Amino acid sequence: MTRIEITEKVYKAIRETLNVEDLELDLSSRLIEDLEMDSVDGITLIMDLEELYDISIEDEEFANFTTVESIVDYIETLLQNHKTS
Amino acid sequence: MKRVVVTGMGSYTSYGLGKDLLWKNLIANIPAIKEVPVSWKIDPNRKGFYAPLPKLDYRTLDFSKSEILQFEPVTLNALLSIEEALKQANINLVKLNDKLNRYVIKDKHIDVDKIGIFGGTGIGGIETLSNATIQFAEVRSGKKVRLDALSVAKTMPYNIAAASGIKLSLHHNINSGTYACATGTILIGKAFESIKNATIDMAIICASEYADQEVGLLYNSFFYGNTLTKSDDITKANIPFDKNRNGFLFSEGGAGALVIESLEHAKKRGATILAEIVGFSDTFDGYNMVSPDLTGAYIEKMLLDLLSKASVMPEEISYINAHGTGTIKNDEVESLVLGKIFNRHTAINSTKSLLGHSISASGIIETITTILSIQNKKIHANNGLKDPISDLNFVKEPIDLDIVYAISESFAFGGHNGALLFKKFIK
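Order-wise, the sequence lines are chains A and B. For reference, each letter of the first sequence is one residue, going 1 to 85 in the numbering used here. For reference, each letter of the second sequence is one residue, going 1001 to 1427 in the numbering used here.
Honestly, the hints are just simulated from the structure, not real lab data. No experiment lies behind these values; they were computed from the predicted model shown. Some hints could be false.
Stated by the list, open to error - Label pairs and their computed distance ranges (CB to CB):
| hint | chain 1 | residue 1 | chain 2 | residue 2 | range |
| --- | --- | --- | --- | --- | --- |
| 1 | A | 80 | B | 1224 | 51 to 59 Å |
| 2 | B | 1054 | A | 22 | 27 to 35 Å |
| 3 | B | 1375 | A | 59 | 44 to 52 Å |
| 4 | A | 27 | B | 1098 | 17 to 25 Å |
Stated by the list, open to error - Covered stretches of chain A, going by a simulated chain B footprint (3 or more residues, C-beta under 8 Å):
| hint | segment |
| --- | --- |
| 5 | 13-25 |
| 6 | 28-41 |
Unchecked claim - Once the Cα atoms are required to be at most 20 Å apart in a straight line, the calculated SDA-like pairs of lysine to any residue come out as:
| hint | chain 1 | residue 1 | chain 2 | residue 2 |
| --- | --- | --- | --- | --- |
| 7 | B | 1047 | B | 1222 |
| 8 | B | 1095 | A | 21 |
| 9 | B | 1099 | A | 43 |
| 10 | A | 9 | B | 1059 |
| 11 | B | 1095 | A | 54 |
| 12 | B | 1143 | A | 54 |
| 13 | A | 12 | B | 1061 |
| 14 | B | 1099 | A | 39 |
For every residue, glycine included, the Cβ atom is placed at its ideal position computed from N, Cα and C.
Can you build the whole structure from these sequences, using the hints too?
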């Protein structure tokens, strides 16, 4: 999966979590400050990403997700590791 | 003292989402009844009946994934009922901002700090609690399982009032209450008194129950508590006020919501008035956790107090929407007391004869039914009634009735009794 594809999927998951179809997003969007996501939104997003990519993410990981880019980086790395392991 | 009127109503029942479906099916005398799922049955040889709730796809009903994760259906259904009630009350909602699925009430005639929320449930989100019990056991046995970080928030009965306050971005007068099967009725009464005394201008009241679990936890708990119908004949499984009744029809739940406000507040903002609430009274048996006081002393006291506070004579009551569960004791006591106070012209029915008993939501659904009866000048039948337990005017078929005053009453496990008095709105 390319980085662009991962980014698109992450955008979709965030939009569904918040129920805002036309939410403007870019890689630098900050989850808490710009998107007003709270801890419940964070858990929802994590569960959604787990389902989308068939991966397992610890709830605490949300604290490390500061921007959309940080999520994309995390998933990209995780998928790479899956491939190589 | 302020006069109090109803300006919005919303419901979710076995007939589906919306009060129009509720009324259409009640007046067409269509009973909501079905054999219970196999997974609920402890004795596979018994039939067992219940009133199922149609399943909803909450994603298509404008809830975010995050809301579906943090609210159980018991809360989501309450929010849907509130949405319908606010719409009928013509209350303007605008999105809080473009990122959150929440609203603010924007109306120059409404002071949001003088709106009260009164939300409640009988049991709350028990499915979450059941699942959490299983999850914790699995974790202890070494399995890697995602624990539900929100199980406390989803289970607590306060979730309904809190979710309503969050959804509408309110910051004052958030009230939560639970009075078992009388929850809806008592919450309306508390809201009525708060408006009457001018503590608040307007109230949004909701009560909700949801009992769909894999193993039929609530159904079986009631069944083995000897309160549910024992009949294997579907035509005799739900017959309140009949000599052959033997228990109530379990409902999978439901939700109802009302918007009520002071008359002057409703007039100021040009709202359509559906009916007036002219009285509320409640008493407590102080007798037994699961049985009514068989003398009916405190139900009688409640009804006399209700009439007296509103200066209304018993013969002025055209219609009573009874608690009418279909248990031996409830119907015996209720008919005894109604027979002492009211004459034989007062029409009586039980909405539970068609919808079963939706526990905490029953009182608010029956209030909505009572107001729809006043508006439509019709009342639905006391379905299934062949051999009445007394000579009261139980209505066996839907009838036309021009109602001026009507009562809706509820009684609860624990011994709480509540009654509301409604009046056709006359300027």
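| Given the proposed pairing of residue 1095/B with residue 54/A, does the C-alpha separation stay at or below 20 Å? | violated, 34 Å
| request: Mind checking the alpha carbons of residue 1095/B and residue 21/A for me, to see if they're no more than 20 Å apart? | output: holds, 14 Å
| query | Does the segment 13-25 of chain A contain three or more residues whose Cβ lies closer than 8 Å to a Cβ of chain B? | reply | Satisfied; 6 residues make the cut.
| task | Could you grab the alpha-carbon distance between residue 9/A and residue 1059/B and see if it respects the 20 Å cut-off? | result | Measuring from Cα to Cα gives roughly 18 Å; hence the hint holds.
| query | CB of residue 80/A to CB of residue 1224/B, is that within 51 to 59 Å? | reply | Distance hint for residue 80/A, residue 1224/B holds at roughly 56 Å.
| request: Starting from residue 1047/B, check that the Cα of residue 1222/B is at most 20 Å away, please. | output: holds, 15 Å
| query | For the pair supplied as a hint, residue 1099/B and residue 39/A, is the alpha-carbon distance within the 20 Å limit? | reply | Roughly 15 Å between the alpha carbons, so the hint for residue 1099/B and residue 39/A holds.
| field | Proposed proximity, residue 43/A with residue 1099/B (alpha carbon, max 20 Å) | value | Measuring from Cα to Cα gives roughly 17 Å; hence the hint holds.
| message | Three residues or more, CB to CB closer than 8 Å: is that satisfied between the segment 28-41 of chain A and chain B? | response | holds (count 4)
| Beta-carbon spacing of residue 27/A to residue 1098/B - inside the hinted bounds 17 to 25 Å or not | holds, 19 Å
| Can the restraint linking residue 12/A and residue 1061/B be considered satisfied, given a maximum Cα separation of 20 Å? | holds, 18 Å
| said: Within 44 to 52 Å: is that where the Cβ-Cβ distance between residue 1375/B and residue 59/A falls? | reply: With Cβ atoms ~50 Å apart, the hint holds.
The earlier numbered hint that this structure contradicts is number 11, and it is the only one.
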